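J.: Just so we're aligned, residue -15 is where the sequence shown starts under the numbering used here, counting upward by one.
By construction, these hints were calculated from the structure, which means they are not laboratory data.
Since this is a predicted model, take the numbers as computed values, not measurements.
One should not assume that every hint holds.
No farther apart than 30 Å at their CA atoms in a straight line, the calculated lysine-lysine pairs in the BS3-like style are these [stated by the list, open to error]:
{"#": "1", "residue 1": "Lys441", "residue 2": "Lys354"}
{"#": "2", "residue 1": "Lys433", "residue 2": "Lys400"}
{"#": "3", "residue 1": "Lys201", "residue 2": "Lys272"}
{"#": "4", "residue 1": "Lys160", "residue 2": "Lys400"}
{"#": "5", "residue 1": "Lys162", "residue 2": "Lys272"}
{"#": "6", "residue 1": "Lys62", "residue 2": "Lys160"}
{"#": "7", "residue 1": "Lys301", "residue 2": "Lys272"}
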Amino acid sequence: MLAAVFATLLAACKTAPVAETFSVRPPFAGVDVPFQTIEFEAQNGDSICFPNGTCIVIPANALADSLGQTVKGQVQLKFREFKSVQEIFIAGIPLTWQTDSAMFNLESAGMYEMRAFQNNNALKLTAGTAINVRLASFDASEGFSSWQLNEETGAWAELNPSEAVVNTEKTVMLDKVKEKRSKIEFTPGKNYFVFNYGDLLDMFFDNDWQKVNDNQKNTAVRQKIEKYGVKWSHMNARTLIDYKKASYYAAELLWLMEDGKTMPDWVPEYLEEWDYKTGKTTTFGEFKQIRGNEYKFSVKKGGKSFSCSMSVVFPLKYLFKFSAEKWQNNFNKIDSMLTIETERANLMADAYRSMTVSEFGIYNYDRLMKTPNYFLVEADFGSSEKMPENSQIETVFFFPAGQQAYFAYPRRDWDKFYLPDSVKQGRIVAVLPTMQGAWFDIASFDQNKLNELKQTKKYSFKLTPTPNKITSYEQIMELLHAKAL
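All chains should be built: construct the whole structure from the sequences, respecting the hints.
T.: Shown next as structure tokens:
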């Protein structure tokens, strides 16, 4: 409700644009989101699925020429998805919903454009025929509806509410990767810990007492052990710990410090001390099992105390079954494989959204942009000394962090520019007449500056131009700082 109220206030502040001929026009000439072309026999129809899960079902005899005559033979379906707000911007497609007196900003959960041709002549759907499109979406949240773009006016028309169906295949795949990672025996670089260096030497020399004694201060041996990346202390931890149907002293095990803490230097040498005069035992450290192989270890001495969460990795003797280099190589191979599996899963949709369409065009899943925490300033974008000659800015675009949406501000609306009221990522960009881009990062403001702007309500933004003309998709994504957003 708050977002809708704010959207209403925002819309009321924006000037209704002057009517003009509309066309989808990429902001940087020559750079666009490409179509994929699929050929099939019109009389047979086709079912088309893409690697990310998007599927299109075209019935047989569904296509007609400009006169309404059903066509047969080979036809071309041209289809492109806009997988991010950056791609929507690159294509020059608006993300606003216009009423008679106001304009609302929209947030996208997925957009696509679909056309059909035969011999380079545009086709349409036969009367009473519809195409089903299941679109891969990377936003499984609620509140979205399907919309169609009126390509004569540039206005979006709302069609029906949209329900997201979670992609369980992706969830299962990522869960399997997580499970496989949890089973990796030894991951170099993790916060591993051993209670006593002497126990490391015992395992390194396979309990050969003479070698252990002779190499207590051997620098070369110490350096070999250090390559495993294990930290140690000086405690003789003789508490028995159960691990895989066997019992080991805590000092005979390799531990992982789960909470990232470091064992302090002041810890006692022994976790228990027996007073032969009184016959009493004083305990300085103890292990409390949390679950499975995870324990809470607590220690105290001389008024100081420390506790941490730690889990058993495996008995120390297994650490030295491979050299440190081989452990690293084994991990690299497994990590590389799991990284590929993760990347493959991340290409899949988080959810699917379906609609049935009766004509070709541009369709979107939208909702009113959620912008409850913004404040109004009177802005100027034409005062930067860094700008090249003949580079007057007519429109700026604001890409807020974490939202698949953008604000478009023509010059007439610069006195009604909205800024987030807390420090966060976000970028203002402009397209210069020279086909260069220009940008300003909202994150360059600290909270004090934002608080100041709330009072002054006026600011002159100095945008930084790109050094060269924008001629590629990659350059635009860099301009939009897509990874940070």
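J.: When the hints from earlier in the document are held up against this structure, which numbers fail?
T.: 3, 4 and 6
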